[in-house]
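**Student:** Given next are the chains, with one letter for each unit.
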Amino acid sequence: EAGVAQSPRYKIIEKRQSVAFWCNPISGHATLYWYQQILGQGPKLLIQFQNNGVVDDSQLPKDRFSAERLKGVDSTLKIQPAKLEDSAVYLCASSLFGRSYNEQFFGPGTRLTVL
Amino acid sequence: GESVGLHLPTLSVQEGDNSIINCAYSNSASDYFIWYKQESGKGPQFIIDIRSNMDKRQGQRVTVLLNKTVKHLSLQIAATQPGDSAVYFCAETFPGNQFYFGTGTSLTVIP
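So the sequence lines, in the order shown, correspond to chains P and X. The first sequence maps to residues -18 to 96 in this note's numbering. The second sequence maps to residues 1420 to 1530 in this note's numbering.
If we strip away everything but chain P, and leave its shape as in the complex, we get:
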């Protein structure tokens, strides 16, 4: 079975610029997650979708970050404008359901560098 796909793999931008990441989850997975992983730290959840609805976005900096999941499949995460502290790996994950006891499958991530 194909895994979670993400693009681009790497992105370098200057502060105050905008950037967008794309994620294609595993087919049939209803739940999609975006995580931010700063170097040397564990992933931190930014937003969780159940189909095309938002379940949890409590840790998403909404003044600059936005995300959508059109038709309950692919998802995009946008940062506008970017700050230096946004430099991180952005991981997308998906799972069959959004409940506990449910394994999340991660994509390879997009490494963002903000200069």
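Keep in mind the hints are simulated off the structure, nothing from the lab. One thing to keep in mind: the hints can contain errors.
[Claimed, not checked] Only pairs whose alpha carbons sit at most 30 angstroms apart, straight line, appear in this in silico BS3-like list of lysine-lysine: (1) P:K64 <-> P:K25; (2) X:K1461 <-> P:K43; (3) P:K25 <-> P:K(-8); (4) X:K1475 <-> P:K25; (5) P:K(-4) <-> P:K43; (6) P:K52 <-> X:K1490; (7) P:K(-8) <-> P:K43; (8) P:K64 <-> P:K(-4); (9) P:K(-8) <-> P:K59; (10) X:K1461 <-> P:K25; (11) P:K64 <-> X:K1461; (12) P:K59 <-> P:K43; (13) P:K(-4) <-> P:K25; (14) X:K1490 <-> P:K25; (15) X:K1461 <-> X:K1475; (16) P:K(-8) <-> P:K52; (17) X:K1487 <-> P:K(-4); (18) X:K1487 <-> P:K25; (19) X:K1461 <-> P:K59; (20) P:K43 <-> P:K64; (21) X:K1487 <-> X:K1475; (22) X:K1461 <-> P:K(-8).
Predicted model only: the values in this text are computed from it and were never measured.
Dock chain X against the given chain P, drawing on the hints supplied.
**Tutor:** Frame of chain P; chain X shown alone:
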């Protein structure tokens, strides 16, 4: 916020030896725990999970131990191999909540 931490940030072991990676969690309500392996340039990969109604769970060459009394989790890797070199994260959650990941332990296997 939640606090899921690891006792040691780095661990070096000889090939063939057993490895033990520790994790402390702070939320006594957490009832599900997962260990992930993350190789360089890749996303985290599920290794093994355990629910709070269990003390021990075994997989292929890996064992997870859960001590709810002291809120401690450990991952044991038997006969560690070079391919086991990676960063290992523990993650915790409870019903209706998100997963919280620890900082990670970097395991290096010395041939």
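**Student:** None of the hints should be skipped; say for each whether it holds.
**Tutor:** Structure-based check of each hint:
Taken as a hint, the K64 (chain P) and K25 (chain P) pair is honoured in the structure, with Cα atoms around 17 angstroms apart against an allowance of 30 angstroms. Using a Cα cut-off of 30 angstroms, the hinted pair K1461 (chain X) and K43 (chain P) holds, with the two alpha carbons roughly 27 angstroms apart. Between K25 (chain P) and K(-8) (chain P), the direct Cα distance comes to roughly 20 angstroms. Compliance with the 30 angstroms bound is thereby established for this hinted pair. Among the hinted pairs, K1475 (chain X) with K25 (chain P) is consistent with the structure: their alpha-carbon atoms are about 27 angstroms apart, no more than 30 angstroms.
As the CA atoms of K(-4) (chain P) and K43 (chain P) are separated by approximately 17 angstroms, the hinted pair is consistent with the 30 angstroms bound. At roughly 41 angstroms between alpha-carbon atoms, K52 (chain P) and K1490 (chain X) are farther apart than 30 angstroms, so this suggested pair is violated. A hinted pair counts as satisfied when its Cα atoms are at most 30 angstroms apart, and K(-8) (chain P) with K43 (chain P) qualifies at roughly 21 angstroms. At most 30 angstroms may separate the alpha-carbon atoms for a hinted pair to count; K64 (chain P) and K(-4) (chain P) meet this at roughly 5 angstroms.
Among the hinted pairs, K(-8) (chain P) with K59 (chain P) is consistent with the structure: their alpha-carbon atoms are about 13 angstroms apart, no more than 30 angstroms. Among the hinted pairs, K1461 (chain X) with K25 (chain P) is consistent with the structure: their alpha-carbon atoms are about 16 angstroms apart, no more than 30 angstroms. This hinted pair checks out: K64 (chain P) and K1461 (chain X) have alpha carbons roughly 24 angstroms apart, not beyond 30 angstroms. With a C-alpha separation of about 10 angstroms, the suggested pair K59 (chain P) and K43 (chain P) falls inside the 30 angstroms cut-off, and the hint holds.
Annotation: proposed proximity of K(-4) (chain P) to K25 (chain P) holds, straight-line Cα distance about 22 angstroms (limit 30 angstroms). Only pairs whose Cα atoms come within 30 angstroms are accepted, and K1490 (chain X) paired with K25 (chain P) is accepted, the gap being roughly 21 angstroms. Restraint check for K1461 (chain X) and K1475 (chain X): the C-alpha separation of about 28 angstroms stays at or below 30 angstroms, so the hint holds. The hinted pair formed by K(-8) (chain P) and K52 (chain P) meets the criterion: a straight-line CA distance of about 26 angstroms does not exceed 30 angstroms.
Between K1487 (chain X) and K(-4) (chain P) the CA atoms are separated by roughly 45 angstroms; this puts the pair beyond 30 angstroms, and the hint is violated. Distance check on the hinted pair: K1487 (chain X) and K25 (chain P) sit about 24 angstroms apart at the alpha-carbon level, within 30 angstroms; holds. Pair hint K1461 (chain X) plus K59 (chain P) holds up; C-alpha atoms about 21 angstroms apart against a cutoff of 30 angstroms. With a C-alpha separation of about 13 angstroms, the suggested pair K43 (chain P) and K64 (chain P) falls inside the 30 angstroms cut-off, and the hint holds.
This hinted pair checks out: K1487 (chain X) and K1475 (chain X) have alpha carbons roughly 11 angstroms apart, not beyond 30 angstroms. Between K1461 (chain X) and K(-8) (chain P) the CA atoms are separated by roughly 16 angstroms; this keeps the pair inside 30 angstroms, and the hint holds.
In summary, the structure is inconsistent with hints 6, 17 from the numbered list given earlier, while agreeing with the others.
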